[in-house]
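Peer 1: Turn these sequences into a full structure, and let the hints guide you.
There are 2 protein chains.
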Amino acid sequence: MTQPRTVFIVSDRTGITAETLGHSLLTQFDAVKFNVVTVPFLNTPDKARALVARIQDAGGDAGLKPLVFSTLVNDELRDIVSDADALVIDFFDAFIGPLERELGISSTHASGKAHGMADYASYTNRIEAMNFALANDDGVTTRHYTKADVVLVGVSRSGKTPTSLYLALHYGLYAANFPLTADDLERGTMPKGLMPFRQKLFGLTIEPDRLAQIRNERRPDSKYAASEQVRFEVRSAEALYNENAIPFLNTTHMSIEEIATTIMHITGLKRRNF
Amino acid sequence: MTQPRTVFIVSDRTGITAETLGHSLLTQFDAVKFNVVTVPFLNTPDKARALVARIQDAGGDAGLKPLVFSTLVNDELRDIVSDADALVIDFFDAFIGPLERELGISSTHASGKAHGMADYASYTNRIEAMNFALANDDGVTTRHYTKADVVLVGVSRSGKTPTSLYLALHYGLYAANFPLTADDLERGTMPKGLMPFRQKLFGLTIEPDRLAQIRNERRPDSKYAASEQVRFEVRSAEALYNENAIPFLNTTHMSIEEIATTIMHITGLKRRNF
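Order-wise, the sequence lines are chains V and W. Count along the first sequence from 1, then add 1391; that gives the number in the numbering used here. Count along the second sequence from 1, then add 1391; that gives the number in the numbering used here.
Heads up, a few of these hints could be off.
Stated by the list, open to error - DMTMM-like mimics (lysine to aspartate or glutamate), calculated; alpha carbons at most 20 Å apart, straight line:
(1) LYS1504/V to GLU1648/W
(2) LYS1424/V to GLU1467/W
(3) LYS1538/V to ASP1528/V
As the list claims (entries may be wrong) - With the Cβ distance kept under 7 Å, some of the chain W side facing chain V (calculated, not the full set):
(4) THR1411
(5) ILE1480
(6) MET1508
(7) GLY1584
(8) HIS1644
(9) GLU1649
(10) ILE1657
(11) LEU1660
For the record, the hints were derived by calculation from the structure and aren't laboratory data. On a predicted model such as this, the values are computed, not experimentally measured, just so you know. Note that beta-carbon positions come from the ideal geometry of N, C-alpha and C, so glycine has one too.
Peer 2: Here it is, written out as structure tokens:
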């Protein structure tokens, strides 16, 4: 067992960009164990100098040079941090120069732009989209579906609710969701209330074994979680999708992010905020 | 009015990393208008060659070299895209080399690791955290607060629900939220049910003018949205936070991301997934 390598994620604001960058790069090195320290809101020279001292300590203890992923916009702070005895990967430092040359203008050096509040209108839209997802979760009503960008359908625990909320919070999309119940599936027809919105329907499906496992965690040894029941529901739901030409996706091995972005890719839906 | 510059966001999977990083860089160039085209799931040489043709077209039409932000892990695909007549910024290309040298090993070149499903346990935790946030939204019950990582309190429309859901979906944290009603605020004491969980409370506040605007969009010309009412509620809520030593945050100019990460920074809460 090798010692973990200390990684500092450094930002003058939320740290979300730095974390995304660092995390993406670290996933390319499976064999190394990392000890990740997040340092957001680093916005004064004193804080920067304190960080440099922490970096030296971490390197000294472990005998391994720490890694630093940083998105500092301020030149003075960046200069201080770059003096640390570490592999410092500064995101803006690497790319702002080539971009300034290509665009023929200087960058604004404004911090916190990426995940700050762009404007009230875009913010309000995200909140309204989230309220829409909450109010139209789990088929409570189809009354507002004229406003929906997409209506997710699927059996219980196939991923409808998290996907709806993710589409709302991240992309400002109006995503409703409607469950296919055992009754619907035994009848073998799509719920009638959905048919006027057929063009907006998107189906989720999942491997029966995985679904049985998820349902068992929720209601152990129930009919709901039983292998035959789960198998029947999944097979019937997929048959309904096929009969009604509803596009669908198998979510078994996908994260919420992947499900959401794949749905946008397949349906051609565009984010309402950028 | 200058012509917009075309920007391609290219990824072999969801495109979330490329989008986050590209967006961060573009926000540093306020004066330029960008036309952003997202190209996720670019995973074959044919698709890469088709993209190169699209890039040439975009450049030709506009007479302006397009920008390409890419997170392609596959060397062959990256080589094809790098031949486009564009400023190609490839995030892996820039940083994987220095990391490989520092860590002394080769990277795995595995795509889709950053936003894929890391493992079922971590995925299940995120879903459970989201279910917790939904089941414990808006003070419906305090019964499960022993399991909460944090309980957000605040007046209606101060940002509690979106923040709870963001903390759950992104960081796997168990976030409940409880409203401070006009009754509570007239009484001038914290709701009794919250007191056993005092150490977990975190207050949200907001500038009265902005709150009045938000409430007016929801219920125009109501007492709920009236300037005096809003002013009274906000002042009383802040007084309660101070009297009860509850840390709190003014959310007026903050995005959901900033509110969530700032709460984690102040409380010391760590994400449950990475």
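Peer 1: Take the hints in turn and mark each one as holding or not.
Peer 2: For each hint, the structure was consulted:
{"no.": "1", "hint": "LYS1504/V to GLU1648/W", "in the structure": "holds, 12 Å"}
{"no.": "2", "hint": "LYS1424/V to GLU1467/W", "in the structure": "violated, 28 Å"}
{"no.": "3", "hint": "LYS1538/V to ASP1528/V", "in the structure": "holds, 14 Å"}
{"no.": "4", "hint": "THR1411", "in the structure": "holds, 4 Å"}
{"no.": "5", "hint": "ILE1480", "in the structure": "holds, 6 Å"}
{"no.": "6", "hint": "MET1508", "in the structure": "holds, 4 Å"}
{"no.": "7", "hint": "GLY1584", "in the structure": "violated, 23 Å"}
{"no.": "8", "hint": "HIS1644", "in the structure": "holds, 6 Å"}
{"no.": "9", "hint": "GLU1649", "in the structure": "holds, 5 Å"}
{"no.": "10", "hint": "ILE1657", "in the structure": "violated, 10 Å"}
{"no.": "11", "hint": "LEU1660", "in the structure": "violated, 11 Å"}
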